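Novice: Chains as they are written, first to last, in our numbering: chain A, 1 to 170; chain B, 1 to 429.
Think of the hints as simulated: they come from the structure by calculation, not from any bench. Keep in mind that the hints are not guaranteed to be accurate.
Claimed, not checked - These stretches of chain A come out as covered by chain B in the derived footprint (C-beta under 8 Å, 3 or more residues): (1) 56-64; (2) 106-115.
What the hints assert, rightly or not - To list a few chain B residues with every Cβ distance to chain A over 12 Å, as calculated: (3) E79; (4) E104; (5) I125; (6) V151; (7) S192; (8) A274; (9) E326; (10) T329; (11) D360; (12) V392.
Source: prediction; values computed, not measured. All C-beta atoms in this analysis are idealised placements derived from N, C-alpha and C, irrespective of residue type, glycine included.
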Amino acid sequence: MTPSGDQGTAPRKVLVIGLGNPDRGDDGIGTRVVHDLVGTLPPDVAVLTRRADLLSLIEDWAGFDGVVCIDAAAPRGVPGRMYRIDLNSAELPRDVTLTSSHALGLPDAIELARTLHLAPRQLIVYVVEGGSFEGGTSLTPAVAAAARVVADRVIAEVGRLRHPSEPLFL
Amino acid sequence: MATKTIRVDYLTRIEGEGGLDLQISDGRVTSAQLNIFEPPRFFEAFLRGRGYAETPDLVARICGICPIAYQMSAVHAIENAFGITVDGQLRALRRLIYCGEWIESHALHVIMLHAPDFLGFPDAIQMAREHGDMVRSGLALKKAGNELMRVLGGREIHPVNVKAGGFYRVPSRAELTPVAESLTRAHEFAVSLVRWVATFPFPHFERDYEFVALRHPDEYPFNEGRLVSNRDIDIDIADYETQFEERHIAHSTALHSLVKRRGAYVVGPLARYALNFDRLPTSVQALAREAGLGPVCRNPFQSIVVRALEIVHACEEALRLIAAYEPPTLAALPVGPRAATGFGCTEAPRGICWHRYEFDAEGTIHAARIVPPTSQNQPSIEADLAAVATSVLDQPDEIIRDRCEQTIRNYDPCISCSAHFLKLSLNRT
Chain A
1 MTPSGDQGTA PRKVLVIGLG NPDRGDDGIG TRVVHDLVGT LPPDVAVLTR
51 RADLLSLIED WAGFDGVVCI DAAAPRGVPG RMYRIDLNSA ELPRDVTLTS
101 SHALGLPDAI ELARTLHLAP RQLIVYVVEG GSFEGGTSLT PAVAAAARVV
151 ADRVIAEVGR LRHPSEPLFL
Chain B
1 MATKTIRVDY LTRIEGEGGL DLQISDGRVT SAQLNIFEPP RFFEAFLRGR
51 GYAETPDLVA RICGICPIAY QMSAVHAIEN AFGITVDGQL RALRRLIYCG
101 EWIESHALHV IMLHAPDFLG FPDAIQMARE HGDMVRSGLA LKKAGNELMR
151 VLGGREIHPV NVKAGGFYRV PSRAELTPVA ESLTRAHEFA VSLVRWVATF
201 PFPHFERDYE FVALRHPDEY PFNEGRLVSN RDIDIDIADY ETQFEERHIA
251 HSTALHSLVK RRGAYVVGPL ARYALNFDRL PTSVQALARE AGLGPVCRNP
301 FQSIVVRALE IVHACEEALR LIAAYEPPTL AALPVGPRAA TGFGCTEAPR
351 GICWHRYEFD AEGTIHAARI VPPTSQNQPS IEADLAAVAT SVLDQPDEII
401 RDRCEQTIRN YDPCISCSAH FLKLSLNRT
């Protein structure tokens, strides 16, 4: 029996980045997903969290073939609603407002990296709509539930990014 | 009487959130108010009852861009209270980590936030399409500064390795070797940056500012010095409150700082440069002259050139410190608390950051006072805005608005520190 697609080829370098501040309610979705992924990903997959200075993402993903980012989106009425955006085939939609209290947010970092030809070959963004970004609070129940779903999807996503010929079952 | 209102709801490319109201009546600017409506953060209040050892890590949280400034002012104040003097290689390491903060903070502001104003781009992303090499250089500069912060501070944002008496851990020479390699490249980028920003079109605008900065007998100031101005101030930092006062202003959650006898003053790159030009290495002085600057620069729009020069200086100083580095025997001097009041004042990228703490015999804080740079510059920003707006009143509202935003960015205001959005509304009656 032949394992699907990866015989004889080294896995591609993959990075998972959780974005946001875990002390500001649903802004902590990225951190929570990365925390849930500990021990579930192949050892060659890099994982990190970033809560500010998203400009540094351009440094973070240098040398990686594939990157998965998880971030929160501003409330639009359906807390926990999840978006998967493949930046190879889509723009980061402007109607999904990623939360950022800093000068440069994720869309800016991605756009700047693309302009400078410093973006990874494959960049997948999971965005979860938040319900509350209150300081000192944890995830709201709907977003906490979405975090578990996103974690499972990221595991599948990482598998496909490491071995691109593998089909992606989400 | 004709009434006209121009409003900008969100000003970008500054650190934090605030707003501006510009009132124009009968063709004259009658009021320019920088509204800081970031909720008060109560740092001084929640420091009460905390131990001295916690203070550097607590105050680092005031700002993600300039945490070293807060940590350094705090440890100097603690050491001042407890009668400790940190010198030798530990002092050098403090200057070194401060170089890292100046490099990363200035590089972010000069290239990513301020340069687009001068070249007519809405943001750095659009600017990168035509000036990709400079933006890449900016990212490399920021990375070099971050590396210094990471190696010495444990991490680049809210470093965790600074303590009263020194550091929790000091680096080996080998750890600094790759940082020096990055800084050597960063220095080349910084020199190119000075030459690039010096070509920008600057409005002909000068004001007779009172500049306030630290002045050290031998060094361009980071951590130490007397507090001086280009008027008559020359005081020990402990006497800050005899010359300066903070006032609550209704339109701002940040206090306004003023020279008691005169009013508004300016801290930051323009002030440091004007009061310490002779303390810059001759190489940086020569580069400044090549960039068209004399020993004093009163045009706030040219602050971008001065910031770039300070990046060059910080790179050179960091390389000098690394070349002379020998790891100290102790990572920190022993600290014994006593009941006393201590003062610290250091040069944050945006200007002096002044701290006073009153400790009891166990080293618990009974009272704290922290004066950040932006609250000191706020009255001058407002005066600049009124003057700048007056000079372009005959221009379309769009031009007035853009020039006002640029004027605010001249100061690289860190509104997060001072109390965060900037909304701009312009009313003509």
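Novice: Does each hint hold? Answer for all of them.
Specialist: Checked hints:
no. : hint    : verdict
1   : 56-64   : holds (count 3)
2   : 106-115 : holds (count 4)
3   : E79     : holds, 29 Å
4   : E104    : violated, 9 Å
5   : I125    : violated, 5 Å
6   : V151    : holds, 15 Å
7   : S192    : holds, 17 Å
8   : A274    : holds, 27 Å
9   : E326    : holds, 30 Å
10  : T329    : holds, 34 Å
11  : D360    : holds, 29 Å
12  : V392    : holds, 25 Å
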